[in-house]
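J.: Chain residues, written in single-letter form:
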Amino acid sequence: MKMKLLIIGLFSLLIASVTLAVDSTKPSTHNSTWEKQHGQAAKTNMSECLMCHEERSECIACHEDTAPRSHTVTFVNKTHGLEARWNRTTCQTCHKQDFCDSCHETAYPMSHARANFASGVQTDPGSHCGTSCVIPVGNWSNTPAKNCIVCHKTRPMTKAGALHTMK
Amino acid sequence: MRKSLINLITVFSLFLALPAFAYVGDAYVTPDSWSKHVNANGIKASLNGLDFGDSGILKIGLTTRATMKFGEDEDWSIYQYARLRLSDAKLGQGTVNVNLNMRGAYDSLPSIGGSTMDGISASQQGSSYNQFYDGLYTSRKYDEYTRLNGHYDGNFRIYQANVEFKKVVPYTDIAAGRIYLNNLDMYKIDGGSLHFDTCDYFKLDVYGGLPVSYYSNLKTSVVGAALEVPIAVSGTKIRAEYNYFMHEDGGDFNTHVAKGRIDQNLNFPDIISSNIYLEGAIVGKAMLYEAGLDANIDASRTGVSAYIAGQYDKNTGDINPYVSMYEDMLGGSSEYVMGGVMLTQGITDYVIVGVGWETRFNFSEAYGDRDYQRVFGNVDLVGLIHKNNYLSLIVDWYDVAEYKRQDSNSKVMGGFRMTQVFTDRIEGWVGVNVQNYQYRNSPIKSYPQYGEEVLNLSERNENTTMAYIGAMYRPVDWCVLQLDYTYEYADLFKSADLQPDIHTVSIWANFIW
Numbered sequence: 003m004k005m006k007l008l009i010i011g012l013f014s015l016l017i018a019s020v021t022l023a024v025d026s027t028k029p030s031t032h033n034s035t036w037e038k039q040h041g042q043a044a045k046t047n048m049s050e051c052l053m054c055h056e057e058r059s060e061c062i063a064c065h066e067d068t069a070p071r072s073h074t075v076t077f078v079n080k081t082h083g084l085e086a087r088w089n090r091t092t093c094q095t096c097h098k099q100d101f102c103d104s105c106h107e108t109a110y111p112m113s114h115a116r117a118n119f120a121s122g123v124q125t126d127p128g129s130h131c132g133t134s135c136v137i138p139v140g141n142w143s144n145t146p147a148k149n150c151i152v153c154h155k156t157r158p159m160t161k162a163g164a165l166h167t168m169k
Numbered sequence: 024m025r026k027s028l029i030n031l032i033t034v035f036s037l038f039l040a041l042p043a044f045a046y047v048g049d050a051y052v053t054p055d056s057w058s059k060h061v062n063a064n065g066i067k068a069s070l071n072g073l074d075f076g077d078s079g080i081l082k083i084g085l086t087t088r089a090t091m092k093f094g095e096d097e098d099w100s101i102y103q104y105a106r107l108r109l110s111d112a113k114l115g116q117g118t119v120n121v122n123l124n125m126r127g128a129y130d131s132l133p134s135i136g137g138s139t140m141d142g143i144s145a146s147q148q149g150s151s152y153n154q155f156y157d158g159l160y161t162s163r164k165y166d167e168y169t170r171l172n173g174h175y176d177g178n179f180r181i182y183q184a185n186v187e188f189k190k191v192v193p194y195t196d197i198a199a200g201r202i203y204l205n206n207l208d209m210y211k212i213d214g215g216s217l218h219f220d221t222c223d224y225f226k227l228d229v230y231g232g233l234p235v236s237y238y239s240n241l242k243t244s245v246v247g248a249a250l251e252v253p254i255a256v257s258g259t260k261i262r263a264e265y266n267y268f269m270h271e272d273g274g275d276f277n278t279h280v281a282k283g284r285i286d287q288n289l290n291f292p293d294i295i296s297s298n299i300y301l302e303g304a305i306v307g308k309a310m311l312y313e314a315g316l317d318a319n320i321d322a323s324r325t326g327v328s329a330y331i332a333g334q335y336d337k338n339t340g341d342i343n344p345y346v347s348m349y350e351d352m353l354g355g356s357s358e359y360v361m362g363g364v365m366l367t368q369g370i371t372d373y374v375i376v377g378v379g380w381e382t383r384f385n386f387s388e389a390y391g392d393r394d395y396q397r398v399f400g401n402v403d404l405v406g407l408i409h410k411n412n413y414l415s416l417i418v419d420w421y422d423v424a425e426y427k428r429q430d431s432n433s434k435v436m437g438g439f440r441m442t443q444v445f446t447d448r449i450e451g452w453v454g455v456n457v458q459n460y461q462y463r464n465s466p467i468k469s470y471p472q473y474g475e476e477v478l479n480l481s482e483r484n485e486n487t488t489m490a491y492i493g494a495m496y497r498p499v500d501w502c503v504l505q506l507d508y509t510y511e512y513a514d515l516f517k518s519a520d521l522q523p524d525i526h527t528v529s530i531w532a533n534f535i536w
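Taken in order, these protein sequences are the chains called A and B.
If you count by this note's numbering, then the first sequence holds residues 3 to 169, one letter each, in order.
If you count by this note's numbering, then the second sequence holds residues 24 to 536, one letter each, in order.
Excised from the complex, chain A in its bound form:
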């Protein structure tokens, strides 16, 4: 499948590579550092950008429609959380909090899938009691176990329906 597609792609490349003269339609600001600089340029003078990007379809494509290549599988499943904590303003450029929450409501970390994770018995290997959540706290929403609160907004309920005990 993959090979086939590659071959077709290459073939069409070969056929067409005989025409000449190529015009770049981009202005000279668009060099390889433009990815980092265009944001400020847009803030400075958006009307200039709109002369060419009149439909904004390029802006939409990167900022709203399709996840960038930097969002690798590892990024989505783990490291985006780390990066968001290094510099949350970079994510703010393209994401509001509603986006993050919508996923955190149902997507769980890999740790949750291991055997016995739901067990409330501290000595069970795999129990969630063996995570950072065990740090003594006086108040659920002010615990240093913030990496659970990223997704669990409120003090959790146990299976029996009671509020989770605090350490």
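Keep in mind that the hints are not guaranteed to be accurate.
[What the hints assert, rightly or not] When the alpha-carbon atoms are kept at most 30 Å apart in a straight line, the in silico BS3-like pairs for lysine-lysine are as follows:
1. A:Lys-38 <-> B:Lys-260
2. A:Lys-155 <-> B:Lys-242
3. A:Lys-38 <-> B:Lys-337
4. B:Lys-242 <-> B:Lys-282
[Said to hold, decoys possible] Restraint ranges, calculated between C-beta atoms of paired labels, are given here:
5. B:Gly-258 <-> A:His-154: 49 to 55 Å
6. A:Pro-29 <-> B:Gln-522: 40 to 46 Å
7. B:Val-61 <-> A:His-154: 42 to 48 Å
8. A:His-154 <-> B:Asp-500: 33 to 39 Å
9. A:His-154 <-> B:Ala-314: 36 to 42 Å
10. A:Ala-120 <-> B:Ala-314: 30 to 36 Å
11. A:Ser-30 <-> B:Gln-396: 30 to 36 Å
12. B:Asn-486 <-> A:Pro-29: 51 to 57 Å
13. B:Gln-522 <-> A:Gly-122: 30 to 36 Å
14. A:Ala-44 <-> B:Ile-331: 53 to 59 Å
15. B:Thr-259 <-> A:His-154: 47 to 53 Å
[Unchecked claim] Partial chain A-side listing against chain B, Cβ under 8 Å, derived:
16. Asn-33
17. Lys-38
18. Glu-56
19. Ile-62
20. Ala-63
21. Glu-66
22. Pro-70
23. Val-75
24. Arg-90
25. Cys-96
26. Val-152
27. His-154
Hint data in this document are derived by calculation from the structure and do not stem from the laboratory.
Backbone N, C-alpha and C define an ideal beta-carbon position, used for all residues, glycine too.
Let chain A serve as the given structure and place chain B on it in line with the hints.
T.: What follows is chain B alone, placed relative to chain A:
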């Protein structure tokens, strides 16, 4: 792994063997399709358009994308993007513009809310293409549209849909519908805006409506005004704006956002083009500032960028979700200062070298805020290894310091991006990107007295390799085709006993007029 390497090498050598001619551009301008290294999206902007009435121009674009993903499991999706822009249609003394950008999608794994904790039943249900890859699909399940429709993953969205009346009413531009506002944050709202352009000394925008979210009901409306004072003689632009976000739940969710910005440009043709900016903001209870410089010294082929930004005080309590800096998730963004510089130097017409540094310092502890140093660099070879070729070698390194209960992290990324322009109808690109992350499974230090699982807290050293190759072909003016193949290898999956290789093939067909 090996197979795709061979593919890459084959294609690489093909690039070198084909004849090509210089794409005409100034300085170190990158080829047209350079954005494909940042985002594979293959939507092409519309063309010159069709005549509409006396003076109007109608541009239409239709894009179909088919994506096939395979690794542990298979998934495919089809997506349709449509856009329309009518510009400059005469009406009275003025003109009318119409903009529409929207998309819909069908995914082969449309079931909603099927994720389960035990993974096995999740994969049997086919609710996720990989039980640990669930996250990728979950965000889509919670699309507002999908929620409304229960099972069908239509993923329908309207990016913008509006009408603009320019100077139909003298000195006034009126826009209504789903619009991007003409303010510093480019908010997107369902509503209207009035732009008054009565004299050369100031311009005023007044607007109101409902901020747009594709993921949830924000329960928020906004009103605001933005004032711009351009001083043409000195190349200065002064702006001030105020926005009030109102939330159904009231309290601090009713949030004030005020911003001011001064831009000063300094341009001497062929010598230097530069801009200095100064921005200040009040978001809820927090005050933020930023100052920076972007300059291109054409005479010496040097580029300089520098900035400093920070936050004075913290947003304690609630803040409107539309302007939140993830306060509800990461805790109140605490007081910080960050800054950076970036220098690029061109050497002859063929080589550019760039280096950059960035750092952040936080004054107080919050879960979401870490001190770090970042160093990055690039070496670009422009038409050096082959005519009409742009090759950029990149590195990016983050070192995140240990902080009280939090362990240190690091990230190193290295790779290259290369685009070859073959003709004015064909461009191809290829890139490789290797990332290494070092972190502990839990970001919070171990407290062995509570019997934590040692394995889970052990230091992790995770690699991800991504390689992609693609091409764009325009057989006729009104049609652009694009093909992109991405390969990813993830240690993270391997250590979870899963297939670490993931392949994605996407094809786009654009029809544009």
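J.: Hint by hint, say whether it matches the structure.
T.: Verification of the hints:
For the hint pairing Lys-38 (chain A) with Lys-260 (chain B), the CA-to-CA distance comes to about 22 Å; that is within 30 Å, so the pair holds. Between Lys-155 (chain A) and Lys-242 (chain B) the alpha-carbon distance is near 19 Å, which keeps this suggested pair within the 30 Å criterion. As the CA atoms of Lys-38 (chain A) and Lys-337 (chain B) are separated by approximately 27 Å, the hinted pair is consistent with the 30 Å bound. Of the supplied pair hints, the one linking Lys-242 (chain B) and Lys-282 (chain B) holds, its CA atoms being roughly 23 Å apart against a limit of 30 Å.
Between Gly-258 (chain B) and His-154 (chain A), the C-beta spacing of about 52 Å keeps the proposed range 49 to 55 Å intact. About 44 Å separates the C-beta atoms of Pro-29 (chain A) and Gln-522 (chain B), a value consistent with the hinted range of 40 to 46 Å. Look at Val-61 (chain B) against His-154 (chain A): about 34 Å separates their beta carbons, and that is not inside 42 to 48 Å. Range check, His-154 (chain A) to Asp-500 (chain B): about 54 Å between beta-carbon atoms, so the 33 to 39 Å window is missed.
As the Cβ distance of His-154 (chain A) to Ala-314 (chain B) is approximately 39 Å, the hint placing it in 36 to 42 Å holds. Range check, Ala-120 (chain A) to Ala-314 (chain B): Cβ separation about 50 Å, and the 30 to 36 Å hint is violated. Between Ser-30 (chain A) and Gln-396 (chain B) the C-beta distance comes to about 32 Å, which sits within the given range of 30 to 36 Å. Distance hint check: the CB atoms of Asn-486 (chain B) and Pro-29 (chain A) are about 38 Å apart, inconsistent with the given range 51 to 57 Å.
For the pair Gln-522 (chain B) and Gly-122 (chain A), the supplied restraint of 30 to 36 Å holds, since their beta-carbon distance comes to about 33 Å. The hint said 53 to 59 Å for the Cβ distance between Ala-44 (chain A) and Ile-331 (chain B), and at roughly 20 Å that hint is violated. A beta carbon spacing of about 49 Å between Thr-259 (chain B) and His-154 (chain A) agrees with the range 47 to 53 Å that was offered as a hint. Using the Cβ-Cβ criterion of 8 Å, the hint placing Asn-33 (chain A) at the interface with chain B is satisfied: the shortest such distance is roughly 4 Å.
At about 7 Å, the closest approach between the beta carbon of Lys-38 (chain A) and any beta carbon in chain B falls short of 8 Å, and the interface hint on this residue holds. Look at Glu-56 (chain A): its Cβ gets to within about 7 Å of chain B, closer than 8 Å, so that hint holds up. Annotation: interface hint on Ile-62 (chain A) holds; nearest CB of chain B at approximately 5 Å, less than 8 Å. The closest approach between the C-beta of Ala-63 (chain A) and any C-beta of chain B is roughly 4 Å, which is under the 8 Å cut-off, so the hint is satisfied.
Nearest Cβ of chain B to the Cβ of Glu-66 (chain A): about 6 Å, under the 8 Å cut. The hint holds. The criterion of a C-beta within 8 Å of any C-beta in chain B is met by Pro-70 (chain A), whose closest approach is roughly 5 Å, and the hint holds. Residue-level restraint check for Val-75 (chain A) holds (minimum Cβ-Cβ distance to chain B is 5 Å; threshold 8 Å). Given the 8 Å rule on beta carbons, the hint for Arg-90 (chain A) holds: about 5 Å separates it from the nearest Cβ of chain B.
For Cys-96 (chain A), the suggested interface contact is broken, since its CB lies about 11 Å from the closest CB of chain B, more than 8 Å. For the restraint placing Val-152 (chain A) at the interface with chain B, the shortest Cβ-Cβ distance is roughly 5 Å, inside the 8 Å limit, so the hint holds. Hint on His-154 (chain A) is violated. Least Cβ distance to chain B is approximately 11 Å, over the 8 Å limit.
When each numbered hint is compared with the structure, violations occur for hints 7, 8, 10, 12, 14, 25, 27.
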